[in-house]
Structures are given as structure tokens and as C-alpha cells.
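Using the sequences and the accompanying hints, generate a full structural model.
In order, the protein sequence lines correspond to chains S and F. Counting in this note's numbering, the first sequence runs without a single skipped number right up to 261 at its last residue. Counting in this note's numbering, the second sequence runs without a single skipped number right up to 149 at its last residue.
The set of hints was computed from the structure by calculation and includes no laboratory data. Cβ atoms here follow ideal geometry from the backbone N, Cα and C, with glycine treated the same way. A hint or two may mislead.
To be verified - A few chain F residues that don't get close to chain S, going by computed Cβ distances all over 10 Å:
no. : residue
1   : Leu120
2   : Arg135
3   : Gly141
As the list claims (entries may be wrong) - For lysine-lysine, the following DSSO-like pairs were computed, each having C-alpha atoms within a straight-line distance of at most 27 Å:
no. : chain 1 : residue 1 : chain 2 : residue 2
4   : F       : Lys52     : S       : Lys221
5   : S       : Lys248    : F       : Lys52
6   : F       : Lys71     : S       : Lys244
7   : S       : Lys248    : F       : Lys82
8   : S       : Lys218    : S       : Lys187
Unchecked claim - The calculated label-pair distances, taken between Cβ atoms and stated as ranges, are:
no. : chain 1 : residue 1 : chain 2 : residue 2 : range
9   : F       : Gln84     : S       : Asp220    : 33 to 41 Å
10  : S       : Gly191    : F       : Glu86     : 23 to 31 Å
11  : S       : Gln208    : F       : Val42     : 39 to 47 Å
12  : F       : His40     : S       : Ser162    : 23 to 31 Å
13  : S       : Glu189    : F       : Lys52     : 40 to 48 Å
14  : S       : Ser179    : F       : Glu74     : 18 to 26 Å
15  : F       : His107    : S       : Pro190    : 33 to 41 Å
16  : F       : Asn100    : S       : Arg256    : 32 to 40 Å
17  : F       : Gln84     : S       : Gln208    : 35 to 43 Å
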Amino acid sequence: GEDVEQSLFLSVREGDSSVINCTYTDSSSTYLYWYKQEPGAGLQLLTYIFSNMDMKQDQRLTVLLNKKDKHLSLRIADTQTGDSAIYFCAGRKRDDKIIFGKGTRLHILP
Amino acid sequence: ETGVTQTPRHLVMGMTNKKSLKCEQHLGHNAMYWYKQSAKKPLELMFVYNFKEQTENNSVPSRFSPECPNSSHLFLHLHTLQPEDSALYLCASSQESRVGVGGGRNEQFFGPGTRLTVL
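Right, here's the structure in full:
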């Protein structure tokens, strides 16, 4: 299977929480990242978590890491129309290579 | 200019043309990357340069030729491309390509990309 997997689409109503999930295969990953790509733009780092942490919160963003299940999630509280974008999960391996998932397209419903 | 810039933003070329993509980073980084982003595949790493030396070539066809004259500039020279090479080409930079676990988050900063269409 792919090194980093995530679902391709997610639809959420404005004001609700969005949860984007990601699984990875390399248990030795050191850093895990969430990048956001808006239409016509490159990827922008949203947040990251070091492998010895299980949670990180940054304003409306909460990252949860379950190392046992190799599962990473990004929760966006109070989702706004400006959150509409593609979200990429990425893991950094011990050799510093960064592997990206295919991206989850987040669609906001009015 | 700040961050990572790429020119042109859009490029349409025929299969027999020769063109170049340019990337410039204003972040004082030492590593630069070329990625290909197409609809059907994950982000594909093409080339990595660290301190102007190419450290990675992920089996990229020779019709793509990178050039890194200094740590701030990266080019991708294109010739005799195929229609399947149409994609968004993203440039990125980071502090270094290899920093180890103690080297901090070393995230990559991306440019806006060049949308390439090969006719």
C-alpha cells in the first residue's frame, strides 16, 4: 500500500468541526505534517507534530497522533468557507525523506 | 519578494519546444526541490538539491533537466515533453535536505507552482 494514505474528499457544514484522517506505514517517522493547498497556490505548512507527542493544539487546529495505530488526524473547529482547500498529510522518515499523501479535498457546505 | 517564487505561473508548450521553469527562494535555505503534482497521483518528488549538489533524482526522464546555480535558484529545463507531462510543477525549499531528528521540523516551503500544459 501507499506510505501515507488519506481519504480523497470530505464535506462539512460551515460551523461544524472537520476531521481529516491519515494513516502511515513507517513507524519510525520523526515528524508528521499537515499542509494546506488553496486553489492556484502551493502547499503551505499548517501544523506539525513530533513523534513523541500525542496531541498538539493551535487555535482552531488539533492534531492527534496514535503511534500504535500509525494514525494521524487533523481537527478544524468551527469550519469556515476559507478552510476549503486540499489538506496533505506528510511524514518525515528517519532518512529525512518526506512522503506526502494524495490529499483530502475539504468542501464546505453552507 | 518573500518566500518561494516561481515563474512562469502558466506555460503552454508543444512537444517539440524547449522551455525552462524558474524557482527562487528568499529564505536563506540550502535545499531545493522539484515536485510534480498531477490529478491522479500523489505529490511526486522529482529532484533534490542540497548546497547546490543534486542529491536525489527519482528516476525522472531525461527530458526534464534540473539546474541549481546557487542555493537560491533552481531551474527545470524542459524539452520534447509528452502530453502526460502536463501537471502542476511545484518548487520547494528547506533549511537542508538532511538534518536528522535533532534538526528541528525542517519543513518545506512551497512556491505557487507552474501549471504546465503540453499540447
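Comparing the hints with the structure gives:
1. Leu120: Its Cβ does come within 10 Å of chain S, the nearest being 5 Å, so this is violated.
2. Arg135: violated (5 Å)
3. Gly141: violated (5 Å)
4. Lys52/F with Lys221/S: Judged against 27 Å, a Cα distance of about 37 Å means the pair is violated.
5. Lys248/S with Lys52/F: Given pair Lys248/S, Lys52/F holds - Cα atoms ~23 Å apart, limit 27 Å.
6. Lys71/F with Lys244/S: holds (20 Å)
7. Lys248/S with Lys82/F: Cα-Cα ~18 Å, so holds.
8. Lys218/S with Lys187/S: holds (23 Å)
9. Gln84/F with Asp220/S: 33 to 41 Å: holds (37 Å)
10. Gly191/S with Glu86/F: 23 to 31 Å: holds (27 Å)
11. Gln208/S with Val42/F: 39 to 47 Å: Once the Cβ atoms are compared, 45 Å apart, the range 39 to 47 Å for Val42/F and Gln208/S holds.
12. His40/F with Ser162/S: 23 to 31 Å: holds (30 Å)
13. Glu189/S with Lys52/F: 40 to 48 Å: Violated: the Cβ-Cβ distance is about 22 Å, outside 40 to 48 Å.
14. Ser179/S with Glu74/F: 18 to 26 Å: At 22 Å between Cβs, range holds.
15. His107/F with Pro190/S: 33 to 41 Å: violated (28 Å)
16. Asn100/F with Arg256/S: 32 to 40 Å: holds (37 Å)
17. Gln84/F with Gln208/S: 35 to 43 Å: Holds - the Cβ-Cβ distance for Gln84/F and Gln208/S, about 39 Å, lies within 35 to 43 Å.
Hint compliance for this structure: hints 1, 2, 3, 4, 13 and 15 are not met, and every other hint is.
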